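Asker: Sequence:
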Amino acid sequence: MEEIGLESPDDNPNAPKITVNDLSVLSLPALRQRAAEYGISSDSTIEMKKQEVIVEILKAHTATGGVIQAYGSLEILPDGYGFLRSPQNNYLSGPEDIYISPSQIKLLSLKTGDTVEGQIRSPRDAERFFAMVRVQAINYDPPAVAKARASFDSLTPLYPDSRLNLETEDGEISTRIINLFCPIGKGQRSLIVAPPRAGKTILMQKIANAISANHPEVYLMVLLIDERPEEVTDMRRTVKGEVIASTFDEQATRHVSVAEMVIEKAKRLVEHKRDVVILLDNITRLARAYNQTVPASGKILSGGVDSNALHKPKRFLGAARNIEHGGSLTIIASALIETGSRMDEVIFEEFKGTGNNEIVLDRRMAERRMFPALNIKKSGTRREDLLLTAEETAKIWALRNAINPMEDIEMTELLIDKMKKTKNNEAFLRSMNSGFN
44 MEEIGLESPD DNPNAPKITV NDLSVLSLPA LRQRAAEYGI SSDSTIEMKK QEVIVEILKA
104 HTATGGVIQA YGSLEILPDG YGFLRSPQNN YLSGPEDIYI SPSQIKLLSL KTGDTVEGQI
164 RSPRDAERFF AMVRVQAINY DPPAVAKARA SFDSLTPLYP DSRLNLETED GEISTRIINL
224 FCPIGKGQRS LIVAPPRAGK TILMQKIANA ISANHPEVYL MVLLIDERPE EVTDMRRTVK
284 GEVIASTFDE QATRHVSVAE MVIEKAKRLV EHKRDVVILL DNITRLARAY NQTVPASGKI
344 LSGGVDSNAL HKPKRFLGAA RNIEHGGSLT IIASALIETG SRMDEVIFEE FKGTGNNEIV
404 LDRRMAERRM FPALNIKKSG TRREDLLLTA EETAKIWALR NAINPMEDIE MTELLIDKMK
464 KTKNNEAFLR SMNSGFN
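Numbering (the working numbering), first residue to last: 44 to 480.
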């Protein structure tokens, strides 16, 4: 097998190029039409699955002298070789995965989770998969950069000190409140504590859109575990970021494998000094999935939770950190409460206090159709003074003291009313100088 580890000039730079990932986003009818352009009869593709049609198109493209390119996240298997898993397939195995040889992995110091981009070739005799022949980029950097990087676990974590600005031009109230009362910084470990039907998914969409609008330098990933398929579609259409999902009708093992590929990809990007944000909806369901897949320890906690089951989801959440000398991993995860399940209560109690930011949603407010249903008293950020200016900190603390005697619902109603009367948070804080009554 020919193996070219590092980027090298194309044998024929003028050869027509096609990208596997571009084909993956096409619908099945569009792929069949594309196949017909390569002379593949419609009779042969009519019963094929989407991945099978893609493979046939790629083989036909190679036969015409064309060049195939692809990118994906690397999963290294126990035998030493690996495959590039496609983001279009939620990083799960499929027939269009790209083979990476052990010698390439060793030469380029590749790890599981690395985003690898390069030129591939069609399978030869007795081969089942396409193979990488030229690696052109690793984690969006030249391949040489990956060899000099430090391991994620050796990086020094610090308190978040750079705020993610969630205030948008449309004056969205929910993100404005979060920006002031429970600010989220780069490297934050945030929990959105939410009862059912309190608006957590909509809130996460608004946070995601605010981050993508205000921070184009951030690599945004939305991970949906055990969610409804229609919510996945809605999230993909409304969020400008990478949306990875494992829906409620999938096996727990799939939930776990998808989550582990996402966190490994995020770690590799942070090693390259990039700022990454993961929005996880939700960590309760992820913990339930781990509870079904870990080997039984024989020690069962209240609610049927195995004592070993919560270690890996804690490691997932614990990976969030602000890195000294550049790079950060921010994780904003929702946690379910008041579901009527003892298991969910146990899971929440285990995660309670592990974050350095909490955004608490209130069922009573949601029942009164008050949105955002934010409980200001219970929400907050550790070391918020590192994220707010001195003036903002002083005014927010004074405001909290002034409204603290109020009932939760009354407090949120007052804040929403006052914020609606001002265009942005700067104007809102200025209005406090003339009294907040």
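The set of hints was computed from the structure by calculation and includes no laboratory data.
Heads up, some of the hints might be wrong.
[Unchecked claim] Here are the computed distance ranges between Cβ atoms for each label pair: (1) K92 / S146: 30 to 36 Å; (2) P185 / G123: 20 to 26 Å; (3) L135 / L457: 15 to 21 Å; (4) E469 / D122: 33 to 39 Å; (5) T465 / R412: 49 to 55 Å; (6) Y183 / L71: 38 to 44 Å; (7) L135 / T199: 29 to 35 Å; (8) S255 / A433: 40 to 46 Å; (9) T382 / K342: 54 to 60 Å; (10) V188 / E80: 50 to 56 Å; (11) T382 / L201: 31 to 37 Å.
[Unchecked claim] Okay, derived cross-link-like pairs now, DSSO-like style, lysine-lysine, Cα gap no bigger than 30 Å in a straight line: (12) K283 / K310; (13) K149 / K92; (14) K283 / K60; (15) K316 / K420; (16) K342 / K316; (17) K154 / K283; (18) K463 / K310; (19) K461 / K357; (20) K420 / K461; (21) K357 / K310; (22) K421 / K461; (23) K154 / K310; (24) K154 / K420; (25) K421 / K463; (26) K395 / K464; (27) K464 / K420; (28) K421 / K464; (29) K283 / K93; (30) K420 / K395; (31) K342 / K283; (32) K466 / K395; (33) K395 / K342; (34) K438 / K420.
All of these numbers come straight from a predicted model, not from anything done at the bench.
Even for Gly, the Cβ is constructed at its ideal location relative to N, Cα and C.
Asker: If a hint holds in the structure, say so; if it doesn't, say that too.
Answerer: Do the hints match the structure? See the list:
1. K92 / S146: 30 to 36 Å: 32 Å, holds
2. P185 / G123: 20 to 26 Å: With a Cβ separation near 24 Å, P185 and G123 satisfy 20 to 26 Å, so the hint holds.
3. L135 / L457: 15 to 21 Å: 48 Å, violated
4. E469 / D122: 33 to 39 Å: Between E469 and D122, where Cβ atoms are some 58 Å apart, the hint is violated.
5. T465 / R412: 49 to 55 Å: Violated - the Cβ-Cβ distance for T465 and R412, about 23 Å, lies outside 49 to 55 Å.
6. Y183 / L71: 38 to 44 Å: With Cβ atoms ~30 Å apart, the hint is violated.
7. L135 / T199: 29 to 35 Å: With Cβ atoms ~34 Å apart, the hint holds.
8. S255 / A433: 40 to 46 Å: For A433 against S255, whose Cβ atoms are near 29 Å apart, the range 40 to 46 Å is violated.
9. T382 / K342: 54 to 60 Å: 24 Å, violated
10. V188 / E80: 50 to 56 Å: 38 Å, violated
11. T382 / L201: 31 to 37 Å: 35 Å, holds
12. K283 / K310: 21 Å, holds
13. K149 / K92: 35 Å, violated
14. K283 / K60: Given pair K283, K60 holds - Cα atoms ~26 Å apart, limit 30 Å.
15. K316 / K420: Violated, at roughly 35 Å.
16. K342 / K316: 40 Å, violated
17. K154 / K283: This hinted pair holds, its Cα atoms lying about 27 Å apart.
18. K463 / K310: 39 Å, violated
19. K461 / K357: 38 Å, violated
20. K420 / K461: 17 Å, holds
21. K357 / K310: 15 Å, holds
22. K421 / K461: Roughly 20 Å separates the two Cα atoms, so the pair holds.
23. K154 / K310: 10 Å, holds
24. K154 / K420: 43 Å, violated
25. K421 / K463: Holds, because 22 Å separates the two Cα atoms, which is no more than 30 Å.
26. K395 / K464: With a Cα-Cα distance of about 35 Å, the restraint between K395 and K464 is violated, given a limit of 30 Å.
27. K464 / K420: The hint holds at about 22 Å.
28. K421 / K464: Cα-Cα ~25 Å, so holds.
29. K283 / K93: Distance ~25 Å between K283 and K93 Cα, so the pair holds.
30. K420 / K395: Answer holds: K420 to K395 is near 16 Å, not above 30 Å.
31. K342 / K283: 43 Å, violated
32. K466 / K395: Violated, at about 35 Å.
33. K395 / K342: 21 Å, holds
34. K438 / K420: 16 Å, holds
Going down the numbered hints, you'll see the structure goes against 3, 4, 5, 6, 8, 9, 10, 13, 15, 16, 18, 19, 24, 26, 31 and 32, while the others check out.
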